[in-house]
Structures are given as structure tokens and as C-alpha cells.
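Visitor: Here is what each chain is made of, one letter per residue.
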Amino acid sequence: GEDVEQSLFLSVREGDSSVINCTYTDSSSTYLYWYKQEPGAGLQLLTYIFSNMDMKQDQRLTVLLNKKDKHLSLRIADTQTGDSAIYFCAERAGYNFNKFYFGSGTKLNVKP
Amino acid sequence: DVKVTQSSRYLVKRTGEKVFLECVQDMDHENMFWYRQDPGLGLRLIYFSYDVKMKEKGDIPEGYSVSREKKERFSLILESASTNQTSMYLCASSFRRRGNTEAFFGQGTRLTVV
Numbered sequence: 001g002e003d004v005e006q007s008l009f010l011s012v013r014e015g016d017s018s019v020i021n022c023t024y025t026d027s028s029s030t031y032l033y034w035y036k037q038e039p040g041a042g043l044q045l046l047t048y049i050f051s052n053m054d055m056k057q058d059q060r061l062t063v064l065l066n067k068k069d070k071h072l073s074l075r076i077a078d079t080q081t082g083d084s085a086i087y088f089c090a091e092r093a094g095y096n097f098n099k100f101y102f103g104s105g106t107k108l109n110v111k112p
Numbered sequence: 001d002v003k004v005t006q007s008s009r010y011l012v013k014r015t016g017e018k019v020f021l022e023c024v025q026d027m028d029h030e031n032m033f034w035y036r037q038d039p040g041l042g043l044r045l046i047y048f049s050y051d052v053k054m055k056e057k058g059d060i061p062e063g064y065s066v067s068r069e070k071k072e073r074f075s076l077i078l079e080s081a082s083t084n085q086t087s088m089y090l091c092a093s094s095f096r097r098r099g100n101t102e103a104f105f106g107q108g109t110r111l112t113v114v
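Chain order of the listed sequences is X and L. In terms of the working numbering, the first sequence is residues 1 to 112. In terms of the working numbering, the second sequence is residues 1 to 114.
Among the clues, some could well be false.
[Unchecked claim] Only pairs whose alpha carbons sit at most 20 Å apart, straight line, appear in this in silico DMTMM-like list of lysine to aspartate or glutamate: (1) L/Lys3 with L/Glu30; (2) X/Lys36 with L/Asp38; (3) X/Lys56 with L/Glu102; (4) L/Lys13 with L/Glu62; (5) X/Lys36 with X/Glu5; (6) X/Lys107 with L/Asp38; (7) L/Lys57 with L/Glu30; (8) L/Lys57 with X/Asp3; (9) L/Lys55 with L/Glu17; (10) L/Lys3 with X/Glu38; (11) X/Lys67 with X/Asp26; (12) X/Lys36 with L/Glu102; (13) L/Lys71 with L/Asp28; (14) L/Lys71 with L/Glu22; (15) X/Lys107 with X/Asp16; (16) L/Lys3 with L/Glu102; (17) X/Lys67 with X/Asp3; (18) X/Lys36 with X/Asp58.
Bear in mind the hints are in silico, worked out from the structure with no lab data behind them.
My request is simple: use the sequences and hints to build the entire structure.
Guide: What follows is the structure, given as C-alpha cells:
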């Protein structure tokens, strides 16, 4: 499958910004996604970005896409303890629009 | 409210047993997926199906098979369970189209093989 890579852990203080990074390999990816997984639950979509965009903002979330470097980031402003979760980056590969490839997930720990 | 429902949250099975994990979606999605999730490895695709009776191997199909007899239901079968198949199993579904289409997930089944 495709390689989607993320760092495993991130720890921030409440009120700070969190930035979660992701790199992917398929330059033909059309859509890139961020999912959130809370303990004991499945994954829920947070946001997505189309590959012809550089940035997308949705309330406290900002997604940045550097297509040249195949780098995706998720910034969470004013991080709260309720944001503690695992965040997955995913790409939908362009050559096969049926499949989603996920990263290893970044566990975000928000300290009060 | 859209739903992907997995039949069990927790399962404990013995080595060598045949295990069935069931998943049902109510969104009329063409695509359905089975992933396993292990710490540090993220989600790895086991199998996916893009239509009734159609299936395609993912990255780690060994030891697993699948069945899709109806559009809404996708079953994962462990032919002879082994301890290295202890994991969290996640089912997902999506539309099959070129435009944006997110994958919707079930709540997961935590399988322990003893």
C-alpha cells in the first residue's frame, strides 16, 4: 500500500496550538483527510482537503498542504483537554479512488 | 444519522477457532473495508469490496477471507484464529466516486485470541 507517515506522539499544554504533521507518497492523491479517534471508539472525520488547495480553515482547525513536498499538517488552535485523542492522516490514492491509506496515527496528549 | 455497525465490541476466541466479524452499513455505500489497528502501525487494510460479491486484497490479507453477499453487509472471516490476530478490527464504508467521499467507520471490534 501507500506510505503515509506521522510521528507517534505529541504533548501540548491546554490553550497552546497543536501541529500534527504527515507525509504521504502518492503524488496523484486527490483528497487528503484528517480523522480523530477517541479512546475505545472508531474514527470520525475531522476535515479534508482537495489536492488543488493549499490551505483550508474550519473553526479551530487549519489544514496546510504542500503538494511539492507531499506534506500535510493539521493545526488545532487553543487546544483543549477534549482534543486528546489519536489523529490519523489519510490519503485517497488518485489511481484507485476506492482505497484509503492511513498513517500510524499521532497520539495527542493535552496537559491542563 | 449515518451508521456503520459492527456486530461485537469485544470478542474472545480460542486458537484454531473460525471467527466471523460482521459489519452492516445503512448508507447504500458501494465500498466497504476491513482494517486492523495495532499500536504504532496505524490502520492496515485487510480486504475491501467495491460491489456485491467483489473483493480485493489489501496489504495484509493472509489468514483472512471476506464475504459480501448483500450490499449492506461485509463479513471478515478468520479461518483458524491465531494469537497474532489479536487486534482491534475496524470496518468502514464509502461511496465509490471520483469526487470527495469520506470513509465512515464502525466502533471497532476488539478481538482477543487465547
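Visitor: If a hint holds in the structure, say so; if it doesn't, say that too.
Guide: We went through each hint and held it up to the structure:
no.: 1; hint: L/Lys3 with L/Glu30; verdict: holds (14 Å)
no.: 2; hint: X/Lys36 with L/Asp38; verdict: holds (16 Å)
no.: 3; hint: X/Lys56 with L/Glu102; verdict: holds (16 Å)
no.: 4; hint: L/Lys13 with L/Glu62; verdict: holds (18 Å)
no.: 5; hint: X/Lys36 with X/Glu5; verdict: holds (16 Å)
no.: 6; hint: X/Lys107 with L/Asp38; verdict: holds (13 Å)
no.: 7; hint: L/Lys57 with L/Glu30; verdict: holds (16 Å)
no.: 8; hint: L/Lys57 with X/Asp3; verdict: holds (17 Å)
no.: 9; hint: L/Lys55 with L/Glu17; verdict: violated (23 Å)
no.: 10; hint: L/Lys3 with X/Glu38; verdict: holds (17 Å)
no.: 11; hint: X/Lys67 with X/Asp26; verdict: holds (10 Å)
no.: 12; hint: X/Lys36 with L/Glu102; verdict: holds (13 Å)
no.: 13; hint: L/Lys71 with L/Asp28; verdict: holds (7 Å)
no.: 14; hint: L/Lys71 with L/Glu22; verdict: holds (13 Å)
no.: 15; hint: X/Lys107 with X/Asp16; verdict: holds (16 Å)
no.: 16; hint: L/Lys3 with L/Glu102; verdict: holds (13 Å)
no.: 17; hint: X/Lys67 with X/Asp3; verdict: holds (15 Å)
no.: 18; hint: X/Lys36 with X/Asp58; verdict: holds (15 Å)
When held up to the earlier numbered hints, the structure conflicts with hint 9 and nothing else.
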